[in-house]
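Chains as they are written, first to last, in my numbering: chain A, 1 to 312; chain B, 1 to 341; chain C, 1 to 148.
Worth flagging that the hints you see were computed from the coordinates, not collected in a lab.
Any given hint might turn out to be false.
[Stated by the list, open to error] Only some residues are given here: those of chain B computed to face chain A with a beta carbon under 10 Å: (1) 143; (2) 231; (3) 234; (4) 241; (5) 258; (6) 261; (7) 262; (8) 268; (9) 280; (10) 327.
[Claimed, not checked] Output of the computed footprint for chain B on chain A, the stretches with three or more beta carbons under 8 Å from beta carbons of chain B: (11) 67 to 81; (12) 114 to 126; (13) 293 to 303.
[As the list claims (entries may be wrong)] Derived coverage of chain C by chain A (criterion: at least 3 residues anywhere in the stretch with Cβ under 8 Å from a Cβ of chain A; other residues may be distant): (14) 34 to 42; (15) 53 to 66; (16) 76 to 88; (17) 129 to 141.
Glycine residues also receive a C-beta, built at the ideal position from the N, C-alpha and C atoms.
As a plain string of letters, each chain reads:
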Amino acid sequence: MTANLRETAARLLAEGTVQLVLGWERGTSPLRTTPLFARAPGDAERLVYDPTCDHNLSGYLGRLKEGRVALVARPCEARALVEQVRENRIARDRVLAIGLPCSGMISRRALASRLADRVIREGRLAGDRLVVAGDGWQEEFPWAEVRDPACQGCRLPDPGIYWLAPEASAPPEGDRFARLEARSLLSPERRREEFRQAAERCISCYACRQACPLCDCAECFTDRAAPALLGPTADPSEAMLFHLVRAMHLAGRCVDCGACARACPVGVDLRHLHLALEREGAERFDHRPGVDPAARPLVGSFRPEDREEFIL
Amino acid sequence: MKERPAMAVFLSCDQLPAVLAASAERGPTWVAAGRGEDSGFIPYRPGLCLDREAGPTRRTLKEVFLPRAEVLFGYETVDGVPRLHPAAPSDLPRVIFGVRPCDARALALLDPVFEEPPHVDGLWAGRRQAATLVGLGCDRPGPACFCPAAGGDPLGEEGLDVLMVPVDGGYLVRPLTERGRAWTEPLGLPPARPEQLAAAEAVADRARERLAGGAPVDLQATLASGFEHSLWDRLHERCLGCAACTYLCPTCHCFDVGDEDGRRWRRWDSCMFPTFTLHASGHNPRTSGKERMRQRLMHKFCYYPERRGRPACVGCGRCVEICPANVDLRSVLEQLKGVRA
Amino acid sequence: MNAASATWEPKIVAFLCHWCSYAGADLAGISRLQYPPNVRVVRVPCSGAVNPIYILKALQRGADGVLVSGCHPGDCHYLAGNLVARRKFALLKRLLEQVGIEEQRVQFSWVSAAEGQKFADVIRKVVGDVKALGPAGFLSKAGRASCP
Ligand code: SF4
Ligand code: SF4
Ligand code: SF4
Ligand code: SF4
Ligand code: SF4
Ligand code: FES
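Bound conformation, chain A alone (with noise of 0.2 Å):
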């Protein structure tokens, strides 16, 4: 699969059909990719595929210079690229997606839960086998077992925005909403603390929204000056409303990509909120994001016959 990519991307430039190709390539600590930017046919040799690229490089396609440009796509890019042209972010004929089939991808979260925090030195994937190695110690197994939960029941079918369509994979399956379920039994105490549990730990670094691929603004509500709608303190509460208008914000509009949690330099993964929107748009209002580049937005749109039974 890598060698195909490597060919295709090599080609591509070496014809003059894109500029630039953006892949992923390996990083440089254990079980790390990092973003590459192939510009020339020779860069292509670079590129990787595997299940540690879970960066979404969606997010690089607005500030780039270049024309024309391939994008090496899994189901998450592409379904990123579909809300971006859709938002008209992106000009559908500037982007070409090489997709890539894809059966998830490795949480280093759960990894490093599963390895109680010991630091690792060496990680390798061996087919289905991950392997890692610290100080005095070296652990084998399956790396599905150390899936990202997010990719359970990834929404795989083609929306229609690929270049080059992805071989036959098999996602992880289940049910995308499952997570949703497992938290319906919390009460509301429990997650109220749950949540100020995670404003607490959140420092306001922003990774999470720069990380995301359709936190694309111009000028988040975050830096506005006048009127400040975040204030100048540290209290729990900004990171709440921070972390309320980011997810209504992304409502209808977040592909479920995870990039947003993955970038957390703390830990916290508030994906659930995401998720809750994304179930009520498709239950309430039969949006789907990532899938109709014609779609309609889901938050500045309407049906007559909406259900407002809420309403007083």
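Following the hints, position chains B and C with the ligands against chain A.
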């Protein structure tokens, strides 16, 4: 503050909880707690202890001395007369336990920024003067640590009042300053035995071996002549422009001020944000990620050494570990060697 | 979470659209209809102009409950502002549910310029609901200067 070399004593693992409890009785004590991404310095509560398996904390000691946000002063108008109410540092930690050498060194590095006359920052200075830093040498450095290359050491003493070195069954405890002695002596610990001293040396050697390699931080001259180099055009490309690396860096210390409800706040800010240099006119002299990333690196590795004689990086490796895009400072510095005009 | 004291009264911030609900509130006043005095009214051009952050900000800065009220569907001065708002509010409700904020803290209504009585009834209900829940606390900022 470092005069006669003090005698090292031995603290066994069993005694540690009692020592922490006793320290907390004498004054507010903060402890390095947690592992991985959920770790940092928190006020002591019964049961809280050092975790021997844990690496350096994700959150830095910086936030104890320069909190994420704090009130500088309050203001109000009484009968038409404006009044200021300067803030005093509150809930001062007296003892901070489990400080890694890199974090302590970072504080020492920042002292001149906040304490150089005539502009002495009372909040910073007050907290610094109140605190005794009990250090913890690194027997298992984090995967991205490179303190030796940055002029530090896994058993470095700069900025610490006491250094503890983990050895079999406990810690070798060495007071380094008067303040450190004042903390150590009342504990009445037995002197360390020669084999324990030797074990501590072995710990240091093993750790240093782990840390071989690193990053070229002495780039002042190179960078000074390479401001316009074309390398900068590509270097920032992967960077997302978040503040993870600066907020979690123990030496980054930029802040913004803002008002709310009659109080003037100071709050962390980051040169990686576009708003950092946004003028009231709407003009922004740093127009893209290129200028912002260049500023971060120039400040740490060129301007700071120009002013203070050493780079503003202690090699803690946090920025390397947490960068969502895996922008690795070590390899960035390697590349920057090439910007010499 | 019980009220701090027997005399505690909830503060409700009501965002009322200029063309209908605000006029409805006026009518309630002119008609001398009785309703609890716990409401601070913020007049907005249209319910569609209510950004969810206004609601959250009100809760952060000391409101115990929030009401947003606009014209009935079909009556919006801007034709469909309220229909766009309706979706936003449905989504906001789900979001608040996820973080454990009680459903009755944030409520929505359609009140026309002719519905003075309905306005009084809505206020009575919202105040009663929030009173039963007690002070908001959760989203509110610690140590804020209390608003009158
Ligand atoms: S909010 Fe998070 S999961 Fe959703 S699109 Fe953005 S980065 Fe991906
Ligand atoms: S949080 Fe909202 S305003 Fe900020 S970048 Fe994301 S979508 Fe835009
Ligand atoms: S990345 Fe994490 S710490 Fe940073 S703003 Fe987002 S949730 Fe907060
Ligand atoms: S953490 Fe990484 S992506 Fe974020 S600003 Fe720093 S270098 Fe850029
Ligand atoms: S620049 Fe990076 S390695 Fe250096 S002190 Fe800051 S966080 Fe640590
Ligand atoms: S004008 Fe009343 S809801 Fe739009």
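Status of the hints after comparison with the structure:
1. Against a cut-off of 10 Å between C-beta atoms, the interface hint on residue 143 of chain B holds, since the closest Cβ of chain A lies about 6 Å away.
2. Interface hint status for residue 231 of chain B: violated, as the beta-carbon distance to the closest one in chain A is roughly 14 Å, over 10 Å.
3. With 10 Å as the threshold, the beta carbon of residue 234 of chain B comes within range of chain A, its nearest partner Cβ sitting at about 8 Å, so the hint holds.
4. For residue 241 of chain B, the interface hint holds, the least distance from its beta-carbon to any beta-carbon of chain A being 6 Å, beneath 10 Å.
5. Look at residue 258 of chain B: its Cβ gets to within about 3 Å of chain A, closer than 10 Å, so that hint holds up.
6. Using the Cβ-Cβ criterion of 10 Å, the hint placing residue 261 of chain B at the interface with chain A is satisfied: the shortest such distance is roughly 9 Å.
7. A distance limit of 10 Å between C-beta atoms decides the matter here; for residue 262 of chain B the minimum to chain A is near 12 Å, and the interface restraint is violated.
8. Interface hint status for residue 268 of chain B: upheld, as the beta-carbon distance to the closest one in chain A is roughly 8 Å, under 10 Å.
9. Restraint check, residue 280 of chain B versus chain A: the minimum CB separation of about 9 Å is within 10 Å; hint holds.
10. The interface hint given for residue 327 of chain B is met, as the beta carbon of that residue sits about 7 Å from the closest beta carbon of chain A, less than 10 Å.
11. With 0 residues having a beta carbon nearer than 8 Å to a beta carbon of chain B, the region 67 to 81 of chain A misses the requirement of three or more and the stated coverage is violated.
12. With a threshold of 8 Å between beta carbons, the proposed coverage of the region 114 to 126 of chain A by chain B holds, since 6 of its residues qualify and at least three are required.
13. Under the rule that three or more residues need a Cβ within less than 8 Å of chain B, the assignment of the region 293 to 303 of chain A is violated, with 0 such residues.
14. Counting residues of the region 34 to 42 of chain C whose C-beta sits closer than 8 Å to any C-beta of chain A gives 0, which falls short of three, so the coverage hint is violated.
15. Counting residues of the region 53 to 66 of chain C whose CB lies closer than 8 Å to any CB of chain A gives 4, which reaches the minimum of 3, so the coverage claim holds.
16. For the region 76 to 88 of chain C, the proposed coverage by chain A is satisfied: 6 residues have a C-beta within less than 8 Å of a C-beta in that chain, meeting the threshold of three.
17. With a threshold of 8 Å between beta carbons, the proposed coverage of the region 129 to 141 of chain C by chain A holds, since 4 of its residues qualify and at least three are required.
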